[in-house]
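Chains as they are written, first to last, in our numbering: chain A, 806 to 919; chain B, 7 to 118.
Check each hint, because a few of them may be wrong.
Sample of chain B residues with no beta-carbon within 12 Å of chain A, all distances over it, derived [stated by the list, open to error]: (1) Q12; (2) R47; (3) T68; (4) M97; (5) S98; (6) G109; (7) L114.
On the chain B side, residues computed to face chain A include the following (Cβ under 7 Å) [as the list claims (entries may be wrong)]: (8) A23; (9) S26; (10) A35; (11) Y38; (12) R43; (13) Y45; (14) G49; (15) L52; (16) T56; (17) G103; (18) A105; (19) L106.
Residues on chain B that point at chain A, a partial pick, calculated with CB under 10 Å [to be verified]: (20) K8; (21) V10; (22) L17; (23) G22; (24) V25; (25) N33; (26) S34; (27) Q37; (28) M40; (29) P50; (30) A96; (31) A99.
To be clear, the hints were calculated from the coordinates, so they are not data collected in a lab.
Just so you know, even glycine gets a beta-carbon here, dropped at the ideal spot from N, CA and C.
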Amino acid sequence: NAGVTQTPKFQVLKTGQSMTLQCAQDMNHNSMYWYRQDPGMGLRLIYYSASEGTTDKGEVPNGYNVSRLNKREFSLRLESAAPSQTSVYFCATVPGHSMNTEAFFGQGTRLTVV
Amino acid sequence: QKEVEQDPGPLSVPEGAIVSLNCTYSNSAFQYFMWYRQYSRKGPELLMYTYSSGNKEDGRFTAQVDKSSKYISLFIRDSQPSDSATYLCAMSAGQAGTALIFGKGTTLSVSS
């Protein structure tokens, strides 16, 4: 089993470009989450999807959009990238509809916006 | 005040030392408390999980939760170089649709 797979692993964008970060899980989990991790800031929640067909904003949603394409896939889109979005992005999943059990993380996508 | 406060360190100790990592929080609704370990350039992985107050032990690791003080701790006994990583505390109220709130993480280095 692959668990939680994020693509791409690395990306460099120019300011104003758009891109979509992909997350896929093969664990049949209900909830999926996007976090960003910045030095000195810890992990901050961008968006989450507690079940297929629903999405909600987290702590830092500005500049991002998400799509829960199906139960397996949850994508994060940057429509017009800005240098402030330079970060490491992590996708996470949990079996239920809230994060009260172990969360499984992908390996991260390292994004640099120049 | 952030919901979860964690001293980012860095913390450097010699092999065999006892390590104490701590977090404080402000939201009294938090019921689920976790410690994640993150190696460099990897995703976080669950290390310890505690529901409500009390202690939990797993090998060299002990997690403590004091809800009255809004304070959680992770103790590592007989620390090893392989324990060198960033340790993130995380907590959740647990209701449907809620997510984990993380501390900033403490970077630990254990020297041999």
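A quick look at each hint next to the structure:
Interface exclusion of B:Q12 from chain A breaks down, the closest Cβ pair being 7 Å apart, not more than 12 Å. With a least CB separation of 8 Å from chain A, B:R47 falls inside the 12 Å interface cut-off, contrary to its annotation. For B:T68, the condition that its CB be more than 12 Å from all CB atoms of chain A holds, with the nearest at approximately 18 Å. Interface exclusion of B:M97 from chain A breaks down, the closest Cβ pair being 9 Å apart, not more than 12 Å.
Not every Cβ of chain A is farther than 12 Å from the Cβ of B:S98; the closest lies at roughly 5 Å, contradicting the non-interface assignment. The claim that B:G109 is not at the interface with chain A is violated, since a C-beta of that chain comes within 12 Å of its own (minimum 6 Å). With a minimum CB-CB distance of about 15 Å to chain A, B:L114 clears the 12 Å threshold, and the non-interface call stands. At its closest, the beta carbon of B:A23 sits 25 Å from a beta carbon of chain A; the interface hint therefore is violated under the 7 Å criterion.
Against a cut-off of 7 Å between C-beta atoms, the interface hint on B:S26 is violated, since the closest Cβ of chain A lies about 19 Å away. Residue-level restraint check for B:A35 is violated (minimum Cβ-Cβ distance to chain A is 12 Å; threshold 7 Å). For B:Y38, the interface hint holds, the least distance from its beta-carbon to any beta-carbon of chain A being 5 Å, beneath 7 Å. Annotation: B:R43 was flagged as interfacial toward chain A, and the flag is violated, the nearest CB pair being 11 Å apart, outside 7 Å.
The criterion of a C-beta within 7 Å of any C-beta in chain A is not met by B:Y45, whose closest approach is roughly 11 Å, and the hint is violated. With a least beta-carbon distance of about 3 Å to chain A, the hint placing B:G49 at the interface is held under the 7 Å criterion. Hint on B:L52 holds. Least Cβ distance to chain A is approximately 4 Å, under the 7 Å limit. At its closest, the beta carbon of B:T56 sits 12 Å from a beta carbon of chain A; the interface hint therefore is violated under the 7 Å criterion.
With 7 Å as the threshold, the beta carbon of B:G103 comes within range of chain A, its nearest partner Cβ sitting at about 5 Å, so the hint holds. The interface hint given for B:A105 holds, since its Cβ lies 5 Å from the closest Cβ of chain A, which is under the 7 Å cut-off. For B:L106, the suggested interface contact is upheld, since its CB lies about 4 Å from the closest CB of chain A, less than 7 Å. Using the Cβ-Cβ criterion of 10 Å, the hint placing B:K8 at the interface with chain A is satisfied: the shortest such distance is roughly 9 Å.
Here the hint on B:V10 is kept, as its CB sits about 8 Å from the closest CB of chain A, short of 10 Å. Violation of the interface hint for B:L17 is found here, the shortest Cβ-Cβ separation to chain A being roughly 15 Å, above the 10 Å cut-off. Annotation: interface hint on B:G22 violated; nearest CB of chain A at approximately 29 Å, more than 10 Å. Taking 10 Å as the C-beta cut-off, the interface hint given for B:V25 is violated, the closest approach to chain A being about 19 Å.
Because the beta carbon of B:N33 sits about 13 Å from the nearest beta carbon in chain A, more than 10 Å, this interface hint is broken. A hinted interface residue such as B:S34 counts as satisfied when its beta carbon comes closer than 10 Å to some beta carbon of chain A; here the least separation is about 16 Å, so the hint is violated. Interface restraint check: B:Q37 against chain A, minimum CB-CB distance 7 Å, threshold 10 Å, status holds. Checking B:M40 against chain A: minimum C-beta separation of about 8 Å stays under 10 Å; hint holds.
For B:P50, the suggested interface contact is upheld, since its CB lies about 5 Å from the closest CB of chain A, less than 10 Å. Here the hint on B:A96 is kept, as its CB sits about 8 Å from the closest CB of chain A, short of 10 Å. This hint holds: B:A99 has a C-beta 8 Å from the nearest C-beta of chain A, less than the 10 Å allowed.
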